[in-house]
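Build out the structure end to end from the sequences listed, making use of the hints.
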Amino acid sequence: MDFTFTEEQRMMATAVRELLDDVAAPAVLRAAAGAPELNEGPAAGGDDPQRWARLVELGLPGMLAPEVVGGLGLQDIDFVLVAEEVGRAALPENLVEHAGIAVPLLAACSAPRAQAWLTRAAAGEVRLAVGHPLNATVLGAAASDALLLFQGDEVHLVERAAATLQRQASVDRLRSLATVTWTPAAATLLAGGAEGAALRELAFARGAVVNAAQALGLAERMVRIAVDYASTRQQFGKPIGSYQALKHHMADVQVQLEYARPVVYAAAARLAEFAAGVSSGAGTAGATAATAPALLARLNAVVSGAKLMAMEAADLAGRKGLQLHGAMGYSWEVDLHFYVKRAWALAGSWGDRAWHQRRLESLVLDGVVTDDLAVLHHEHG
Amino acid sequence: MTVQLHYTPAQQAFRAEVRAWMEANVPREKLDTLEGAAGFAQHVAWERQLAGGRWGMVTWPEEYGGRGCTLVEWLIFEEEYYRAGAPLRANQNGIFLLGPTLMEFGTPEQKARYLPPMAAGEEMWAQAWSEPQAGSDMAAIRATATREGDDYVLRGHKIWSSRGTYADWAFGIFRTDPASDKHKGLSFILVPLRHPGVRVRGIPQLHGQTGFAEIFFEEARVPVANRLGGEGQGWNIAMATAGFERGLMLRSPARFQATARRLGELYRQNADRADGTVRAAVAKAWLQAEAYALNTYATATRLMAGGHIGAEASLNKIFWSELDLAMHAAAMSLLGARAELLPHAPAAAGVGDWLEGWIFAQSGPIYAGTNEIQRNIIAERVLGMPR
Numbered sequence: 001m002d003f004t005f006t007e008e009q010r011m012m013a014t015a016v017r018e019l020l021d022d023v024a025a026p027a028v029l030r031a032a033a034g035a036p037e038l039n040e041g042p043a044a045g046g047d048d049p050q051r052w053a054r055l056v057e058l059g060l061p062g063m064l065a066p067e068v069v070g071g072l073g074l075q076d077i078d079f080v081l082v083a084e085e086v087g088r089a090a091l092p093e094n095l096v097e098h099a100g101i102a103v104p105l106l107a108a109c110s111a112p113r114a115q116a117w118l119t120r121a122a123a124g125e126v127r128l129a130v131g132h133p134l135n136a137t138v139l140g141a142a143a144s145d146a147l148l149l150f151q152g153d154e155v156h157l158v159e160r161a162a163a164t165l166q167r168q169a170s171v172d173r174l175r176s177l178a179t180v181t182w183t184p185a186a187a188t189l190l191a192g193g194a195e196g197a198a199l200r201e202l203a204f205a206r207g208a209v210v211n212a213a214q215a216l217g218l219a220e221r222m223v224r225i226a227v228d229y230a231s232t233r234q235q236f237g238k239p240i241g242s243y244q245a246l247k248h249h250m251a252d253v254q255v256q257l258e259y260a261r262p263v264v265y266a267a268a269a270r271l272a273e274f275a276a277g278v279s280s281g282a283g284t285a286g287a288t289a290a291t292a293p294a295l296l297a298r299l300n301a302v303v304s305g306a307k308l309m310a311m312e313a314a315d316l317a318g319r320k321g322l323q324l325h326g327a328m329g330y331s332w333e334v335d336l337h338f339y340v341k342r343a344w345a346l347a348g349s350w351g352d353r354a355w356h357q358r359r360l361e362s363l364v365l366d367g368v369v370t371d372d373l374a375v376l377h378h379e380h381g
Numbered sequence: 382m383t384v385q386l387h388y389t390p391a392q393q394a395f396r397a398e399v400r401a402w403m404e405a406n407v408p409r410e411k412l413d414t415l416e417g418a419a420g421f422a423q424h425v426a427w428e429r430q431l432a433g434g435r436w437g438m439v440t441w442p443e444e445y446g447g448r449g450c451t452l453v454e455w456l457i458f459e460e461e462y463y464r465a466g467a468p469l470r471a472n473q474n475g476i477f478l479l480g481p482t483l484m485e486f487g488t489p490e491q492k493a494r495y496l497p498p499m500a501a502g503e504e505m506w507a508q509a510w511s512e513p514q515a516g517s518d519m520a521a522i523r524a525t526a527t528r529e530g531d532d533y534v535l536r537g538h539k540i541w542s543s544r545g546t547y548a549d550w551a552f553g554i555f556r557t558d559p560a561s562d563k564h565k566g567l568s569f570i571l572v573p574l575r576h577p578g579v580r581v582r583g584i585p586q587l588h589g590q591t592g593f594a595e596i597f598f599e600e601a602r603v604p605v606a607n608r609l610g611g612e613g614q615g616w617n618i619a620m621a622t623a624g625f626e627r628g629l630m631l632r633s634p635a636r637f638q639a640t641a642r643r644l645g646e647l648y649r650q651n652a653d654r655a656d657g658t659v660r661a662a663v664a665k666a667w668l669q670a671e672a673y674a675l676n677t678y679a680t681a682t683r684l685m686a687g688g689h690i691g692a693e694a695s696l697n698k699i700f701w702s703e704l705d706l707a708m709h710a711a712a713m714s715l716l717g718a719r720a721e722l723l724p725h726a727p728a729a730a731g732v733g734d735w736l737e738g739w740i741f742a743q744s745g746p747i748y749a750g751t752n753e754i755q756r757n758i759i760a761e762r763v764l765g766m767p768r
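From first to last, the protein sequence lines stand for chains A and B.
Once you know that position 152 of the first sequence is 152 in my numbering, the rest is easy, because the numbers rise by one and skip nothing.
Here my numbering = 1-based position in the second sequence + 381.
It is possible that part of the hints are untrue.
[To be verified] Covered by chain A, per the in silico footprint, the following chain B stretches (three or more residues, Cβ under 8 Å):
hint, stretch
1, 383-397
2, 644-654
3, 657-663
4, 755-761
Worth flagging that the hints you see were computed from the coordinates, not collected in a lab.
All of these numbers come straight from a predicted model, not from anything done at the bench.
All residues carry an ideal CB built from backbone N, CA and C; glycine is no exception.
Quick look at the structure:
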């Protein structure tokens with residue numbers, strides 16, 4: 001039992017933070033978003049090939065790819081801290097979908113075509129976007145070389161040129177969104193049946209967890225912006241942050257954030273174990289009929305819990321941060337809104353609040369005994 | 382290592398040992414309330430039975446009556462304790478608050494004197510910090526300890542001391558420097574409660590029981606050797622005690638996980654009359670109890686790796702006290718028209734202990750430092766907002 005990250009994991013997160021503090025600084029985001037009075041942001045949604053190249057230099061696209069294909073051979077629990085940094089920076093590129101969902105999916109897929117794409121995706125030479133039926137749009141589709149798409153239990157890899165994209169403008173100008181029209185074909189099929197279903201389940205769980213991790217980073221960023229402002233802005237002759245009403249707003253956010261955090265980390269750890277089981281054939285496919293449903297139920301409960309709690313923290317950070325800024329908070333001129341809007345966008349992605357709430361209620365109240373759902377399951381030796 | 386959430390074989394064996402002992406020893410009949418004289422005596426008897434199995438305080442070294450367990454083993458112990466439905470701890474202020482404080486600040490003589498009888502359930506402890514004019518503003522303490530030779534003479538009035546009515550000893554903070562104010566000039570002193578010059582009066586609480594006490598010190602004389610830490614160091618030591626209280630030990634997650642589990646059962650029994658908001662509240666209770674457990678394991682493994690607990694302890698206190706209220710509110714809602722019935726009312730069959738828990742939950746956001754004070758601490762010391 002251990003709940004501490006290693007020095008290497010922390011160093012990787014620090015390296016990502018330092019890079020993003022530079023290449024995705026608030027001033028960079030502001031410039032990319034374009035003039036406030038425009039009806040919508042730039043067509044590319046702020047996507048920048050030069051910044052992508054810097055992410056590639058750190059090896060981030062291939063973090064979850066095996067070393068034999070040039071990846072770093074790491075796990076979801078390693079990636080969760082990176083996703084948190086991506087959230088903190090409101091990075092425009094779809095790094096977490098590419099590196100946190102698409103690459104491990106290809107790595108776990110037995111089709112030769114998946115392996116061919118995997119090597120190039122891990123190296124960041126090609127970019128991938130992921131479309132899931134629960135998401136209304138696909139993030140990063142326009143800049144992608146290929147899209148991973150789901151049809152029933154089938155997973156397809158569709159080259160962008162073979163799909164029709166329709167751009168969709170978001171309140172978060174730094175997200176490049178599109179709807180995708182495509183035709184499933186034998187040539188696009190990567191996996192079907194039990195393998196396809198398992199890959200789809202894992203992709204969805206990863207989507208929820210990496211989005212929850214981003215929400216943690218976003219919440220922390222918004223709290224920091226608000227606290228800094230409250231320490232300098234003066235009213236009635238004192239910094240407004242010295243007033244209890246504002247202190248208590250921020251303390252409430254901090255409570256939400258610090259209790260969401262271990263749930264997100266636990267979800268990533270459970271996800272890594274589950275994924276290892278799937279790829280070794282010992283998970284959904286190989287587990288006994290008696291244990292597989294309980295394993296999946298336990299994973300789903302912590303994943304939905306992570307998404308719900310992290311999004312609640314980010315939502316609260318946005319609302320309280322905006323309130324603390326007063327009229328400034330409602331203006332384009334402070335940086336807060338870039339992060340507030342990202343939190344709004346992520347709230348509905350990879351299962352919205354109602355979806356995860358319903359799933360959690362069903363698991364906890366209608367399903368297996370809740371003892372079996374405990375995140376720290378009391379297995380006996 | 383990295384984050385990995387499995388128990389080692391040794392930890393699993395420890396769990397099995399605790400489980401077996403609890404199954405064989407936990408009283409089948411629920412004890413009377415800890416807040417009344419008869420119930421307190423029953424709970425003291427249970428403390429002694431626990432100590433007989435060397436389960437009094439598992440994290441303490443063996444020489445003090447413990448088992449030298451790690452914090453993770455302590456969490457496992459607590460999980461099995463609450464899983465078995467074992468009674469509340471009569472000596473919680475001693476074992477969870479004063480014990481760790483003695484471990485850190487006590488002399489070898491003090492540790493040898495006070496820890497073994499505490500673990501054995503022979504001496505029950507209460508906290509004597511608040512005063513009528515020093516509640517949230519704890520630094521406004523007026524009670525004095527005047528040095529006379531090798532003794533302190535205590536004068537003053539302490540209040541809101543949980544289980545102080547029945548306890549044998551209290552740990553208090555007294556002003557040893559009469560010229561001092563606020564948090565300077567205070568000392569942390571251990572006082573026997575059945576002692577010349579000490580008068581204890583029970584205060585009826587919301588449930589009518591009088592476990593809660595005010596304590597009058599009327600020239601009570603205690604040896605200087607009863608002072609914990611240096612003269613004038615009382616505030617710092619009290620803050621360390623408060624850190625244990627809020628941060629880790631006083632309210633272990635297992636207690637809330639057990640309540641969440643019972644709430645789930647109550648929901649299933651009453652599902653036909655529950656609406657969507659109660660359903661959501663019950664699922665949220667499960668999730669938040671899990672979050673609290675995960676957060677506590679994170680704190681425990683961080684401390685085991687050499688870390689320290691700081692102002693972030695205030696986050697815990699807010700979280701568990703609000704969780705406890707929310708869970709009991711959901712239960713009251715599920716019980717509906719029968720929620721108000723006292724357990725012995727003829728029509729109350731099957732309503733369980735929820736009303737008692739609901740009343741007690743009201744105190745959570747108040748004791749151990751009000752949640753408003755905790756929010757100030759978080760804002761100023763965790764987030765760095767201006768004072």
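Quiz item: Out of the numbered hints, which ones does the structure contradict?
Solution: Hint check: nothing fails, all pass.
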